[in-house]
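Asker: If you want the building blocks of each chain, they are given just below.
Number of protein chains: 2
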Amino acid sequence: MLNTILNHRSIRKYKDIPVSEEILSKILNAGMRAATTGNMQVYSIIVTKDTEMKKKLWEFHFKQNMILEAPLVLTFFADFNRFNKWCKARNAEPGYNNFLSFVTAAIDALLAAQNVCIAAESFGLGTCYLGTTTYQAAKLIDFFKCPKDVVPITTLVIGYPNENPELTDRLPAKGVIHNEMYNDYSIDDINSIYSEKESLASTKELIEINQLENLAQIFTNKRYPKKDNEFFSEELLKVLKNQGYL
Amino acid sequence: MLNTILNHRSIRKYKDIPVSEEILSKILNAGMRAATTGNMQVYSIIVTKDTEMKKKLWEFHFKQNMILEAPLVLTFFADFNRFNKWCKARNAEPGYNNFLSFVTAAIDALLAAQNVCIAAESFGLGTCYLGTTTYQAAKLIDFFKCPKDVVPITTLVIGYPNENPELTDRLPAKGVIHNEMYNDYSIDDINSIYSEKESLASTKELIEINQLENLAQIFTNKRYPKKDNEFFSEELLKVLKNQGYL
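Order-wise, the sequence lines are chains F and R. Reminder that position 179 of the first sequence reads as 179 in this note's numbering, one-by-one numbering, no gaps. Reminder that position 131 of the second sequence reads as 1131 in this note's numbering, one-by-one numbering, no gaps.
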């Protein structure tokens, strides 16, 4: 069991083999067994299998080909819509149009997503999260015809792997885990925590290709630059306003 | 493996038995194998074992006794602090003081938390998430001496179970899963989706105890009322501003 978790790799190449309805149903059921706040289950999952629908998602998600290759694309939403409709139908006044409730609903969606990820991997399937989901929230809401109170938070691509990548590196535990108090990082700590990552052959290759000084600059200048983050931040805040959470 | 996920129950009573360092280390390592955005690992975990520290957490988390009983309390933080310090030490200008980056970091923290939850359960441990974490974020930041860019997002209480509750109910799959498009809910859909939950003996008992008309009113009037949600929303938004994410 723990092995499934320990062997997680993001899979970006998939075989042209469908996932059976039986396995899909088991995976989704595993997602639904995740803890949710007050057992309110304030999230939704949209399953995309249709080729034309996947083509549109491929466009939204920056044309990553794994979206076309993989048989399943699952989008996870923070979703108070169903719960609010239930309250209103029961003469109960919902009070969930606020930021806290968005975070609550996003937590529900993400814990369910990770259950789905692990369950899929336990069936020999590969998965990859799409971080572009929050960037493109407005387009996804429009595309899926989501009502108010529904905000996409993450996406999982799922299918049979057509690659077998190595485990990716992780920071040493002392870089992530703190005992009793937050142990803030000195320059020496930072150097020590990042030294293994910085000395990987793959890191050196990336720096060479990108013609930059170091790995950190690849993140700040190429992969997740300030300008893009600030643009997509404003977009996401607009989405929260439009969907009734701000 | 799937059985661990399918048998998840929140455990609120714990035996007075410590969790070995070996198991704790394996659980934390499982958390660290979760997918993170761009492998940035922009989250942290604080492990609380100390009795006096737990007493303070017990106060912050609305005096739920399981916090005193369980040997481990793990707080998960959205955390760009380490990454930003690394960037600055490498002549790279971080651009992560914005809302999108908060959401990115919160996602990292939550996927790691769910791995920890499942890994703990695979060792026979019980767990319970504390939704009060986002309510009390300012107090937790102060208590743990967290620097800027660090925001608590959830907490897991972990220990050997001293109760064996039934699985809790879940809405039928049609209530949570959508195929291809968001399938918005009619009144008939709502009635059908919630009928099983509403007819449970435990629901009837709750309504009786609370002297209310129905289950929805228990959520809106007692458990998660508008006034509280709005208050804690404002508090959480202030935290995001103070920590540099808004």
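Errors might be hidden in some of the hints.
[Unchecked claim] Derived contacts from chain R toward chain F, CB cut-off under 7 angstroms, selection only: (1) 1039; (2) 1100; (3) 1101; (4) 1129; (5) 1132; (6) 1134; (7) 1138; (8) 1145; (9) 1147; (10) 1176; (11) 1179; (12) 1196; (13) 1199; (14) 1200; (15) 1201; (16) 1205.
No lab work stands behind these hints: they were computed from the structure. Quick caveat: nothing in here was measured; it's all calculated off a predicted structure. Where is the CB? At the ideal position from N, CA and C, for every residue including glycine.
Asker: It remains to establish, for every hint, whether it holds in the given structure.
Answerer: Tested hints:
The beta carbon of residue 1039 of chain R comes within 6 angstroms of a beta carbon in chain F, closer than 7 angstroms, and the hint placing it at the interface holds. Restraint check, residue 1100 of chain R versus chain F: the minimum CB separation of about 4 angstroms is within 7 angstroms; hint holds. Evaluation of the residue 1101 of chain R hint against chain F yields a held restraint, the C-beta minimum of about 6 angstroms falling below 7 angstroms. Proximity of residue 1129 of chain R to chain F holds as hinted, the smallest CB-CB distance being about 5 angstroms (cut-off 7 angstroms).
Of the supplied interface hints, the one on residue 1132 of chain R is violated, with its beta-carbon coming no nearer than about 10 angstroms to a beta-carbon of chain F, more than 7 angstroms. Hint status for residue 1134 of chain R relative to chain F: holds, with the closest Cβ pair at about 5 angstroms, below 7 angstroms. Because the beta carbon of residue 1138 of chain R sits about 13 angstroms from the nearest beta carbon in chain F, more than 7 angstroms, this interface hint is broken. Using the Cβ-Cβ criterion of 7 angstroms, the hint placing residue 1145 of chain R at the interface with chain F is satisfied: the shortest such distance is roughly 5 angstroms.
Because the beta carbon of residue 1147 of chain R sits about 5 angstroms from the nearest beta carbon in chain F, less than 7 angstroms, this interface hint is met. Nearest Cβ of chain F to the Cβ of residue 1176 of chain R: about 6 angstroms, under the 7 angstroms cut. The hint holds. Proximity of residue 1179 of chain R to chain F holds as hinted, the smallest CB-CB distance being about 5 angstroms (cut-off 7 angstroms). A cut of 7 angstroms between beta carbons decides the hint on residue 1196 of chain R: the least distance to chain F is about 13 angstroms, and the hint is violated.
Because the smallest distance between the Cβ of residue 1199 of chain R and any Cβ of chain F comes to about 14 angstroms, over 7 angstroms, the interface hint for this residue is violated. For residue 1200 of chain R, the shortest C-beta to C-beta distance to chain F is roughly 11 angstroms, which exceeds 7 angstroms, and the interface hint is violated. Hint status for residue 1201 of chain R: violated, given a least beta-carbon distance of 15 angstroms to chain F, over 7 angstroms. A least Cβ separation of about 15 angstroms between residue 1205 of chain R and chain F goes past the 7 angstroms threshold, and the interface hint is therefore violated.
Going through the hint list in order, the structure does not satisfy hints 5, 7, 12, 13, 14, 15 and 16.
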